[in-house]
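Knowing the structure of chain A, use the given hints to seat chain B on it.
There are 2 protein chains.
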Amino acid sequence: MSSQPRIAIDAMGGDEGVRVMMAGVALARRRHEGLRFTLFGDETRIKAALDNHPNLRAASEVVHSATIVEGSDKPSVAIRKKSSSMSMAINAVKSGDAGAAVSAGNTGALMAMAKLALRTMPGVDRPALAAMLPTLGDNDVVMLDLGANTECDARNLVQFAVMGAAYARIALDLERPRVRLLNIGTEELKGTDEIRDAAAVLRAADTTLPFSFDGFTEGDKIGRGETDVIVCDGFSGNVALKTAEGTARFVADLLRRAFSSSLRSKIGFLISKPAMHLLKHHLDPNNHNGAVFLGLNGVVVKSHGSADAKGVANAVHVAARLLEEDITRRIAADMAGVQDLSAVASKLELPVK
Amino acid sequence: MSSQPRIAIDAMGGDEGVRVMMAGVALARRRHEGLRFTLFGDETRIKAALDNHPNLRAASEVVHSATIVEGSDKPSVAIRKKSSSMSMAINAVKSGDAGAAVSAGNTGALMAMAKLALRTMPGVDRPALAAMLPTLGDNDVVMLDLGANTECDARNLVQFAVMGAAYARIALDLERPRVRLLNIGTEELKGTDEIRDAAAVLRAADTTLPFSFDGFTEGDKIGRGETDVIVCDGFSGNVALKTAEGTARFVADLLRRAFSSSLRSKIGFLISKPAMHLLKHHLDPNNHNGAVFLGLNGVVVKSHGSADAKGVANAVHVAARLLEEDITRRIAADMAGVQDLSAVASKLELPVK
Chain A
1 MSSQPRIAID AMGGDEGVRV MMAGVALARR RHEGLRFTLF GDETRIKAAL DNHPNLRAAS
61 EVVHSATIVE GSDKPSVAIR KKSSSMSMAI NAVKSGDAGA AVSAGNTGAL MAMAKLALRT
121 MPGVDRPALA AMLPTLGDND VVMLDLGANT ECDARNLVQF AVMGAAYARI ALDLERPRVR
181 LLNIGTEELK GTDEIRDAAA VLRAADTTLP FSFDGFTEGD KIGRGETDVI VCDGFSGNVA
241 LKTAEGTARF VADLLRRAFS SSLRSKIGFL ISKPAMHLLK HHLDPNNHNG AVFLGLNGVV
301 VKSHGSADAK GVANAVHVAA RLLEEDITRR IAADMAGVQD LSAVASKLEL PVK
Chain B
1 MSSQPRIAID AMGGDEGVRV MMAGVALARR RHEGLRFTLF GDETRIKAAL DNHPNLRAAS
61 EVVHSATIVE GSDKPSVAIR KKSSSMSMAI NAVKSGDAGA AVSAGNTGAL MAMAKLALRT
121 MPGVDRPALA AMLPTLGDND VVMLDLGANT ECDARNLVQF AVMGAAYARI ALDLERPRVR
181 LLNIGTEELK GTDEIRDAAA VLRAADTTLP FSFDGFTEGD KIGRGETDVI VCDGFSGNVA
241 LKTAEGTARF VADLLRRAFS SSLRSKIGFL ISKPAMHLLK HHLDPNNHNG AVFLGLNGVV
301 VKSHGSADAK GVANAVHVAA RLLEEDITRR IAADMAGVQD LSAVASKLEL PVK
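Just so you know, the sequences run in chain order A and B. Heads up, the first sequence is in this note's numbering, so the first residue is 1 and it goes up one at a time. Heads up, the second sequence is in this note's numbering, so the first residue is 1 and it goes up one at a time.
Which copy? The list can't say, so a pair holds if one copy fits it or any two copies do.
Below, computed lysine-lysine pairings styled on PhoX-like, alpha-carbon distance capped at 20 Å:
1. Lys-190 <-> Lys-221
2. Lys-190 <-> Lys-74
3. Lys-266 <-> Lys-280
4. Lys-190 <-> Lys-115
5. Lys-81 <-> Lys-115
6. Lys-115 <-> Lys-74
7. Lys-81 <-> Lys-94
8. Lys-310 <-> Lys-280
9. Lys-115 <-> Lys-94
10. Lys-115 <-> Lys-82
Treat the hints as calculated values from the structure; they're not laboratory data.
Same shape as in the complex, but just chain A (with noise of 0.2 Å):
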């Protein structure tokens, strides 16, 4: 890696297009002054954008690539371009140029690209997907898995708990954050067998644990503040975020309704536009905006592919936090805890090795 920390962007692969996302990088570049970048995609279009932008241009390389991975290409389609801006991107950490990437492009391709270029890092069956959700707390909540697996046994379940603890200590800055598993209820004898596994194996483990496994919670505790690490399959994950991202829309709409009412409820909006405005700043997921593979020999954040130049500010902000931390080594330096859970699992006679 270059002496000054680098991290590769996929200019091509946000809805809104390289403007944005250029706005973006620049916006997060003003927070980490010592940031290098190296900017993948069409050239043409990057150095046109880079124009609005002198001082990121300073402190960026811009590296042509011929094509682009669409929206509707199947990972197994993906990973066959080997010259789209996100592959170059990916394989700008696998060589160590970067030490990180982030795109907003196909999720999928995304995933499929990052396991194959980087790896799964000792200790780890599966990456998980890793997102920071906002909580009536003082912190945000970090859920994982979001979507990279469908279906997860024990064994991953209590690898995501490991993970996720590394990264809610370095997002959050939290010392020992608590962890639980999504579950249908909180009594022990809820849920699959795969959570159940997972959850004897972290209470057995609890005080060796570099975080506290306070057991099961629901879908309607998520944003409570309960708790700081939520773990759960990828199947779940996804339609509990997907759910969460579409009430609180549903709710705005709702809203949205009531004030355009009558004139006397289009007044009262007026007035309590101020109040109106911190509420939508903080459901606004441009705030939360950066996802990270957590569990590969590399950090890659996915930024949404709808989100504005706050929001990839976010996504970089992300990547340059876990690449200053080193979460890859610190996840690592966990995951030797984990050697142990197997021991405990094997005492427990679960499935978990």
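What follows is chain B alone, placed relative to chain A:
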């Protein structure tokens, strides 16, 4: 069954006590003049509560029960409480004395008892818990399973689609409901084997089904009003339902904070109050109270433990409608179609028998 439709009420189940249950049943009775009730529970307390509801008293028989199923009782413990109000209410359906039972008690216990006493109807392997959720469209949406079956195979999901559509035809008054499977993407290759196989069977059989199968939907679409029935396994359904409830409460809490953040916003709130009332009404879970166990030889409706009188009335209304429209017979008739689905499945060489 007696000549007039009769509903068995577990008067002891709700967190809010016998008085609220009785007030709710009395409210429902006004909507369904011909209904009769058998009220199971502590005779003294029920009779005291009935003093406020002479019309209900005239339409009811009170049967004393000696014990109560506690919220903390495991299903295995609960089913042995034969003289509990819950057990007696379900057994009234089994014996034919009542056409439906309504309880606000322990969901796991209610499910176990109902399954044991009433058994699944021919052609149905497992019952499912179905409920209505609010949408931005003209109709509510029926969602099932919401927690009766932690894991489901393709055959279960296909049967849930048939049962959910029968429920939607009655409760939403739709001739040909639109049915979708909950998934983590809308492309054919997304999701688990179970979901993909169920979709293949339903897709192949579409024109012969008493509903329109429209493929997959995702968590963020639940409230959009684009579909009438959403089918999923009980784990995902429970996660989605609770996440939606939690997020709605989360946004409401943020809204409350926003409105109380300054004098100006407090004034705005006072002016907007009627509009906010509309919003509150739309989101009030009492307006959607009453989850149904579908697929049993008899109607059993679960009222939420914290429902108020209006909520209890809604649950009783749901039971009354399903009884009037003979949901059990209608599902049995639709299940004839499932026999053909088995042929489709074997032609497709899918594990759905």
